Structures are given as C-alpha cells and as structure tokens.
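**Q** Read off the chains here:
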Amino acid sequence: MPLSPEDRFVELTDQPIDADRLTQFVTTPLSGAVILFLGTVRELTHGKRTISLDYDAYPEMALKKMNELVDETAEKWPVQKVAIVHRTGKLELAEASVAIALSCPHRGDVFDAGRFLIDELKIRVPIWKKENWSDGTTEWVHPGADAPSTNPRTEAE
Amino acid sequence: MPLSPEDRFVELTDQPIDADRLTQFVTTPLSGAVILFLGTVRELTHGKRTISLDYDAYPEMALKKMNELVDETAEKWPVQKVAIVHRTGKLELAEASVAIALSCPHRGDVFDAGRFLIDELKIRVPIWKKENWSDGTTEWVHPGADAPSTNPRTEAE
Amino acid sequence: MKITVKLFARASQLTGASEIDVEVDAGASVADFREALEAQHPELKPIAGSLFVAIDSEYSSDEQVIPEFAQIACFPPVSGG
Amino acid sequence: MKITVKLFARASQLTGASEIDVEVDAGASVADFREALEAQHPELKPIAGSLFVAIDSEYSSDEQVIPEFAQIACFPPVSGG
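Chains as they are written, first to last, in the numbering used here: chain A, 1 to 157; chain B, 1001 to 1157; chain C, 2001 to 2081; chain D, 3001 to 3081.
Quick caveat, the hints were computed from the structure, so don't treat them as lab data.
Hints are not guaranteed to be accurate.
Over 12 Å on every C-beta distance to chain B, these chain C residues come out as not near it, computed from the model [stated by the list, open to error]:
1. Val2024
2. Ala2026
3. Glu2035
4. Ala2036
5. His2041
6. Pro2042
7. Pro2067
Dumping the calculated EDC-like pairs for lysine to aspartate or glutamate here, alpha-carbon to alpha-carbon at most 20 Å [stated by the list, open to error]:
8. Lys122/A - Glu3058/D
9. Lys3006/D - Glu3023/D
10. Lys130/A - Asp54/A
11. Lys3006/D - Glu3058/D
12. Lys76/A - Asp119/A
13. Lys1090/B - Glu1139/B
14. Lys1048/B - Glu1095/B
15. Lys2002/C - Asp2062/C
16. Lys3045/D - Asp146/A
17. Lys2006/C - Glu2043/C
18. Lys64/A - Glu3058/D
19. Lys64/A - Asp3056/D
20. Lys2002/C - Asp2025/C
21. Lys1122/B - Asp112/A
22. Lys2006/C - Glu2068/C
23. Lys3045/D - Glu3035/D
24. Lys3002/D - Asp3056/D
25. Lys3006/D - Asp54/A
26. Lys2006/C - Glu2035/C
27. Lys1076/B - Asp1119/B
28. Lys1122/B - Glu2058/C
29. Lys2045/C - Glu1139/B
30. Lys1122/B - Glu1068/B
31. Lys3006/D - Glu60/A
32. Lys1064/B - Glu2058/C
33. Lys1064/B - Glu1120/B
34. Lys2006/C - Glu1060/B
35. Lys2006/C - Asp1054/B
36. Lys3045/D - Glu139/A
37. Lys1064/B - Asp1007/B
38. Lys1130/B - Asp1146/B
39. Lys90/A - Glu11/A
40. Lys2045/C - Asp1146/B
Only a predicted model underlies this, so the values are computations on that prediction, with no experimental measurement involved.
All C-beta atoms, glycine included, are put in the ideal place defined by N, C-alpha and C.
Let the sequences and hints guide you as you build the complete structure.
**A** Printed below as a string of structure tokens:
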C-alpha cells in the first residue's frame, strides 16, 4: 500500500537526531509493533580508534533515494508509518548518524522491514563518511572503491 | 561474554515505559548499532476491537526468565548492553506493553538478537494479557490452551 | 502435605483466587500433584491439561518430586509481549 | 558542451572542488563523459573506475546520453548509515 506523505518522515539534518520523536511519530493504535534502529559512531574499527566522523551527503539525491526506499518497503510489508533521518556534518562518539523507525501490525514485519531499510540505505543513498582517526589522519570511506562501479539494483530494474 | 549487572536493565513496571531512557541506556561508544523494539496495544485483532488490555505477571519468575534471556542473548551475540521492561496492569491503545533495547558493534546482530529476545519472551516469560473488547466482554489470552502444556525449551536442556 | 499454589490469569479467574491449597502425599510427583489439583479444584478442569507447574520459578517436568518448602505456581500458556 | 559536475567525498577531496567543469561533445554518452572526465581531471584517476555518475539524482548506465540541462554528479561508493 502506498504510504501517504503524513505517514512518512524523511530528513537530512546537521543537528543531533531526536530518536524519541521518531519512535513517537510511528506509534499508532493500528500497529502492534514498533522498531527503532540507530547507527551510532563506534570508537573502534579493526583496532583503529575513531575521534569523530564527518558525513557528507548529496541532499537532493539522498532524499529522493530515501523516499524510494520508503515506497519499496511499504510495497513489501504492511508498514503503517516510517521515519528515516540521516545526520550530516561532524559527529562525536556514540552519536546517531542514522535513525530508522517504523510500525507494523505484527512484530516479524518490523524486524524484516527495518533490516531492509538500513541495508539498502547503505547501498543506495549517496551519503559518505570520513573517519577522523586518533593518529591525526583522515580517510573517506568508500567500500569497494578499488573495483569498477556497479549501480545499486532498484525495484524498477 | 556474560553481561555484567551494570550493562543490563530488567524490570516489570505498572507505569508507562520510558522507551527513550532505554535507548540511551544501551547506547555506548563500543557499539555501532542500537535497536529498540516496542510491543504496543493494537486496536484491531481479527476484526475485533480492543478497548484496553490488562497484563498480569508472576513477578519473581518473570524477572528470572527475562534475566535468563539476557544471558542467552549475550552468549549468542556480541551484545554490549540490554534493557527489557514489561508493563503490568491496564494499558490503553498504542501504549507499549514491552520494550527491548540493545546494542552491538554491528547492525546484523542487533536485529537478530532483538528478534530472539522478543520471540523467546513471548514463549517463556510468565506474563498474560486480558483483552477488554469493545463489546464489553473480556478474555484472557492463552495461546494453545486447548493442548497439553509442553515446557518452553531452554538452553539448559 | 498441604501445598499453597499461586494461580495466574485464567487459572486465577476460574477459581476466583490468587492462591489455593492442594493436599498431596509427601514425595508426590508433579504428575501426582496435577491429579490432586484437578480432583480438589474441578473448576480448573477446562484448562487443566494446558497448565504449567512451576517450582521455585522454574518450569517443571511431570516426574519431578514436589519439594517440601518450594514455591509452587500454576498458570496457562503465557501471552506477554 | 560544458557540463558542470557536482563532486562528493573523496572525489571532491582529490580535486579540491565541490564542482568542476567537463567539456564533452553534444550527444555524448555517460561512457564518453567518463573518458573526458579522466582526461581533463587526471587527479581523479585513483578512483575513476569506481565513480558513479548520477543524472538528475538517478544512477546512470554507460550507454545513456547526457542530457543538455541535467544535473550531473560524480561520487565514489557510498558509506552512509
């Protein structure tokens, strides 16, 4: 079922994400299950220490792709409300870089739909993070940047 | 890895669940992923309308079983912090009856561990709900009450 | 010996009590206890087969012997969450 | 024709710019554009093979023709979330 504009909240923000507002946004008497997923800034990656992260986004395309993900999720699962917010700019340790909240009548669907949303966001949505390591070096993270680019699959293909 | 007392929060309460406090409790710089699951009071079940629910618990055993679930989860997944809170007493529509929050280094694990916790809670933890239907009738919900009882499987068996 | 049994949910509703007494022989097993329960509290018959018997907050098996000073509880299938 | 190209993340870092110009023939395909980009901005060579080319906020294929008034963006693999 297509999700109406008032049942979705999709945003990029350079301010701390208010996750509780998203949880409350998606909670409705039509649902029996709510899930909130947060991606948070982890200190250790393969033994290296992170001081902070910088997130850069291509805003127009990121918002378009996030809304497409909401559409696809609502086609696959009986989702009642969805919120996706991604942070940009500098993030300190333990801050949330992304928050995904959604509600469904039954619990199995919120886990499956939530997992789909975060997995696909990480493949398709044009946002990048730069590691600011404790040794003073910085590094843009580009998974598979050594291989030729292959477009993310979308439902339309 | 066994989870220390300060990394777990297990509670029964007759007050509204403060889900945001649980999310914040489990968020740490050691983690990269946080999940919050809420079971909420749904208005419609097989076309019947719920006015409210009453939850009854066997407190000593419920807390013991909830803590066992935390132990088993921490054995199966690299969980850093866990919170499980179950509500008792009368709940209105859209209120949370149960909240599960946990954190892991990576996202796949929080989904799997969260799903395990809520699935097993619904099998093992001695808590019961009574439906107060819109037609004035009430009904204790006892899945499979027509069949002979078979103890929930536990890791010890 | 007399066992005080905690009841919950529909088991409590059917008996109108949150605790009942059941008389069993010393050394009685959980299976013996189930028989005594049904005989002494026939109002539980509709759900007797589905009742769990917990001993000191642990699910029991039918062969287990009921200890003398344990906390015994009886309840139908759970529906929390 | 001259195409203004938005760059992000390491692509922007390597060129020191968030936008660059690339000169291509009218009717150029995305493949032609990639060649022109690499020739005119050799500083992108280390990541040229992995760059995505987006046309009006959509992932493109190499055969697509670059429209005249589209918004073109180039970026390496994404790492949000």
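**Q** Run every hint past the structure and note whether it holds.
**A** Structure-based check of all given hints:
Residue placement check: Val2024/C keeps its beta carbon more than 12 Å from all beta carbons of chain B (closest about 19 Å). No Cβ of chain B comes within 12 Å of the Cβ of Ala2026/C; the nearest lies about 25 Å off, and the non-interface call holds. Taking the minimum C-beta to C-beta distance to chain B, about 14 Å, the non-interface status of Glu2035/C holds against the 12 Å cut. Chain B leaves Ala2036/C outside its interface by the beta-carbon criterion, the shortest separation being 17 Å against a cut-off of 12 Å.
Against the 12 Å criterion, His2041/C stays outside the reach of chain B, whose nearest CB is about 16 Å from its own CB. Against chain B, the non-interface label of Pro2042/C holds: every CB pair exceeds 12 Å, the least being about 17 Å. Interface exclusion of Pro2067/C from chain B stands, the closest Cβ pair being 16 Å apart, more than 12 Å. Our distance criterion of 20 Å between C-alpha atoms is met by Lys122/A and Glu3058/D, whose separation comes to about 16 Å.
At roughly 14 Å between alpha-carbon atoms, Lys3006/D and Glu3023/D fall within 20 Å of each other, so this suggested pair holds. Under the criterion of a C-alpha separation no larger than 20 Å, the hint pairing Lys130/A with Asp54/A is consistent with the structure, at around 5 Å. Between Lys3006/D and Glu3058/D, the direct Cα distance comes to roughly 13 Å. Compliance with the 20 Å bound is thereby established for this hinted pair. A threshold of 20 Å between alpha carbons decides the hint, and for Lys76/A with Asp119/A the separation of about 15 Å falls inside it, so the pair holds.
Between Lys1090/B and Glu1139/B the CA atoms are separated by roughly 14 Å; this keeps the pair inside 20 Å, and the hint holds. Only pairs whose Cα atoms come within 20 Å are accepted, and Lys1048/B paired with Glu1095/B is accepted, the gap being roughly 18 Å. For the suggested pair Lys2002/C and Asp2062/C, the alpha carbons sit about 19 Å apart, so the restraint of at most 20 Å is met. The suggested pairing of Lys3045/D with Asp146/A holds, with an alpha-carbon distance near 11 Å, which does not exceed 20 Å.
For the suggested pair Lys2006/C and Glu2043/C, the alpha carbons sit about 15 Å apart, so the restraint of at most 20 Å is met. Between Lys64/A and Glu3058/D the CA atoms are separated by roughly 9 Å; this keeps the pair inside 20 Å, and the hint holds. In summary, the hint linking Lys64/A to Asp3056/D is supported, as the alpha carbons are separated by about 10 Å, within the 20 Å threshold. The suggested pairing of Lys2002/C with Asp2025/C holds, with an alpha-carbon distance near 9 Å, which does not exceed 20 Å.
Only pairs whose Cα atoms come within 20 Å are accepted, and Lys1122/B paired with Asp112/A is accepted, the gap being roughly 18 Å. Pair hint Lys2006/C plus Glu2068/C holds up; C-alpha atoms about 15 Å apart against a cutoff of 20 Å. Between the alpha carbons of Lys3045/D and Glu3035/D the distance comes to roughly 11 Å, so the proposed pair stays at or under 20 Å and holds. Only pairs whose Cα atoms come within 20 Å are accepted, and Lys3002/D paired with Asp3056/D is accepted, the gap being roughly 16 Å.
With a C-alpha separation of about 19 Å, the suggested pairing of Lys3006/D with Asp54/A holds against the 20 Å cut-off. Taking the CA atoms of Lys2006/C and Glu2035/C, the gap is about 17 Å. The hint holds against a cut of 20 Å. Using a Cα cut-off of 20 Å, the hinted pair Lys1076/B and Asp1119/B holds, with the two alpha carbons roughly 15 Å apart. As the CA atoms of Lys1122/B and Glu2058/C are separated by approximately 16 Å, the hinted pair is consistent with the 20 Å bound.
For the proposed pair Lys2045/C and Glu1139/B, the alpha carbon gap of about 17 Å is at most 20 Å, so the pair holds. Between Lys1122/B and Glu1068/B, the direct Cα distance comes to roughly 14 Å. Compliance with the 20 Å bound is thereby established for this hinted pair. The suggested pairing of Lys3006/D with Glu60/A holds, with an alpha-carbon distance near 12 Å, which does not exceed 20 Å. This hinted pair checks out: Lys1064/B and Glu2058/C have alpha carbons roughly 9 Å apart, not beyond 20 Å.
Distance hint between Lys1064/B and Glu1120/B is fulfilled; the C-alpha atoms sit about 13 Å from each other, no more than 20 Å. The hinted pair formed by Lys2006/C and Glu1060/B meets the criterion: a straight-line CA distance of about 12 Å does not exceed 20 Å. Taken as a hint, the Lys2006/C and Asp1054/B pair is honoured in the structure, with Cα atoms around 19 Å apart against an allowance of 20 Å. A threshold of 20 Å between alpha carbons decides the hint, and for Lys3045/D with Glu139/A the separation of about 17 Å falls inside it, so the pair holds.
Taking the CA atoms of Lys1064/B and Asp1007/B, the gap is near 16 Å; set against the 20 Å cutoff, the hint holds. Only pairs whose Cα atoms come within 20 Å are accepted, and Lys1130/B paired with Asp1146/B is accepted, the gap being roughly 17 Å. The suggested pairing of Lys90/A with Glu11/A holds, with an alpha-carbon distance near 17 Å, which does not exceed 20 Å. Taken as a hint, the Lys2045/C and Asp1146/B pair is honoured in the structure, with Cα atoms around 11 Å apart against an allowance of 20 Å.
When each numbered hint is compared with the structure, no violation occurs for any of them.
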